[in-house]
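*Asks:* Residue strings, one per chain:
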Amino acid sequence: MDFISILSIFVLACFVGYFVVWSVTPALHTPLMSVTNAISSVIVVGALIASATAGSDSSKWLGLVAVALASVNIFGGFAVTQRMLAMYKKKDRQG
Amino acid sequence: MHTDVIMAVPSWVLLAYLVSGVCFILALRGLSGPESSRRGNRLGMVGMAIAVLTTLVTHIPWTKPAGTYPPTCGSIGNPCQQLFESNQNLILDVFPIFVAIAIGGAIGLVTARKIQMTAMPQLVAAFHSLVGMAAVLVGAAAYLNPEAFAIGVRITPIASPSFVSIFPVSRVEMGLGVAIGAITFSGSVIAFLKLNGNMSGKPILLPLRHVINLGTLAAILGLIAYFIQDQSPWVFGTVTALSFLIGFLLIIPIGGADMPVVISMLNSYSGWAAAAMGFTLHNSAMIITGALVGSSGAILSYIMCRAMNRSFISVIAGGFGGDAVAGGAAAAIDRPYKRGSAEDAAFLMSQADQVIIVPGYGMAVSQAQHALREMADILKKEGVRVKYAIHPVAGRMPGHMNVLLAEANVPYDEVFELEDINSEFAQTDVAFVIGANDVTNPAAKTDKSSPIYGMPVLDVEKARTVLFVKRSMGGVGYAGVDNELFYRDNTMMLLADAKKMVEEIVKSLG
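Residue numbers (the numbering used here), protein chains in the order written: chain H, 4 to 98; chain Y, 2 to 511.
In isolation and in its complexed conformation, chain H is listed as follows (with noise of 0.2 angstroms):
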């Protein structure tokens, strides 16, 4: 990929975000924070490159590290997101 093509990805996601988000209904939007939260974690990807290839030692224990913050983020992001929409509850499935 060359970097025009990366640059119409991000151009073209952002307006996506864009409306996505618009759309979102405000009572959701600490949900909508924790899930980005989480999905923002993506990183985890370089960071899984960084501690799985050979080269150089440093490089590797940087991307441990990362892997590790990484998964606290991903694993409490989804969780603590899980857990706020199973409490928004409709009124006639309340007693």
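Heads up, a few of these hints could be off.
[To be verified] Dumping the calculated BS3-like pairs for lysine-lysine here, alpha-carbon to alpha-carbon at most 30 angstroms:
id : chain 1 : residue 1 : chain 2 : residue 2
1  : Y       : 463       : H       : 93
2  : H       : 93        : Y       : 508
3  : Y       : 381       : H       : 92
4  : Y       : 381       : H       : 94
5  : Y       : 388       : Y       : 446
6  : H       : 94        : Y       : 203
7  : H       : 94        : Y       : 508
8  : Y       : 508       : H       : 92
9  : Y       : 449       : Y       : 339
10 : H       : 92        : Y       : 115
11 : Y       : 382       : H       : 92
12 : Y       : 381       : Y       : 508
13 : Y       : 115       : H       : 93
14 : H       : 94        : Y       : 501
15 : H       : 93        : Y       : 501
16 : Y       : 203       : Y       : 115
17 : H       : 94        : Y       : 446
18 : Y       : 203       : Y       : 446
19 : Y       : 381       : H       : 93
20 : Y       : 115       : Y       : 501
21 : Y       : 339       : Y       : 388
22 : Y       : 508       : Y       : 382
23 : Y       : 463       : Y       : 381
24 : Y       : 382       : Y       : 501
25 : Y       : 203       : Y       : 449
26 : H       : 93        : Y       : 382
27 : Y       : 501       : H       : 92
28 : Y       : 463       : H       : 94
29 : Y       : 382       : H       : 94
30 : Y       : 388       : H       : 92
31 : Y       : 446       : Y       : 339
32 : Y       : 449       : Y       : 463
33 : Y       : 463       : Y       : 382
34 : Y       : 203       : H       : 93
Worth flagging that the hints you see were computed from the coordinates, not collected in a lab.
Position chain Y against the provided structure of chain H, taking the given hints into account.
*Replies:* Just chain Y, lined up with the frame of chain H:
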């Protein structure tokens, strides 16, 4: 040569990252309603699993090379890799990665399970800081081992050790990614300390702070530009250090009431950091995600600023909540107000046709949401219609009040946003304000000299009676403005801790 290296990535890998990006889009799309949101969250997990598994399959040296090899061997299926194949020490190589995932995952899961809903703003700030730090570490790892990410070429000049020259575009991307990541980290740490109460929520104003901030920012950008010429460690190190510094400087002057903006802004930054890293690593999943998260945070910041009638610049410039205190507090002395008891409140509300509850940060602080729902249940049994009105900036993060009410089992169809319910106050018998202050201040509509003039507020004063739960008459809201509402004829002040007051009302109703 640049493209050759990248082309070595098999197309199924690119497709897999694309699929995971699409899953993330659908995860956000699901949040348009509570019912679809749960499915959306699961899709997000699927997307993350796809991204992680794809990376593990393609990058872990399942067959360990015996010596150093060119970067094109980083992915499976390259002919040159077979030259180095030997199945030794695989466990030693892969094991630490799984340990790291297990440790991080366990910490994350335990935290997510144990955290109190009122502490959600702190948790989100802490999580943001982790994304920022991870971005910095990945950037540093890429700097130290550019070949791992296929972003450099090895140059072997005669009579000197060979080194890897990082592509100029990648240097800029890497510099920006590390800078944004570092700002996200230190800014989120400060936001966390302020939200968690380890640090005063009051703005800390340094002299000449605008000059210092702009200077630091210019230095960072200048050094990133210089990084193209010179990839020596000091440039990389200074960019990182200055970025940590400016993240800290940017957040310390911002007061507690502006936290919803700050936390949304840091949310946005964590996205841009991921996107910049995606550019560096040519990874579409990271770019799509980064763009989504970045725009999401930016939109939330915009919504929060609009709800306070403040420009983004003025929030970032900071200092709100400190300057106005002197003027506002002086006016608060010795004005007559009506004080009521829990019994009065119980009587008024049980006689009403409709009660609108207006929660704010004070409810979160005293954990009054469960008692509040109990009160609402009793009222509903007596035939009173109960609704909740939520101001966008009530609390310390976007949607904070909605989560707390949901936690207390308040059905979400009884909870309304400002613009949907504001016209109803005029036909309402009792407005029950609990822990909110500035967002109900009628001065925002009438008093041009007020610092909050022009901010959209809930028209609680139009209700027949306003019950205002407040700890004491002394304190003013976070904006440092006295609330006109306290002294109106139709207002009754209920001076007590929010939770205790509500519990007493429940007792009197019972």
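*Asks:* Against which earlier hints does the structure fall short, listed by number upward?
*Replies:* 6, 17, 34
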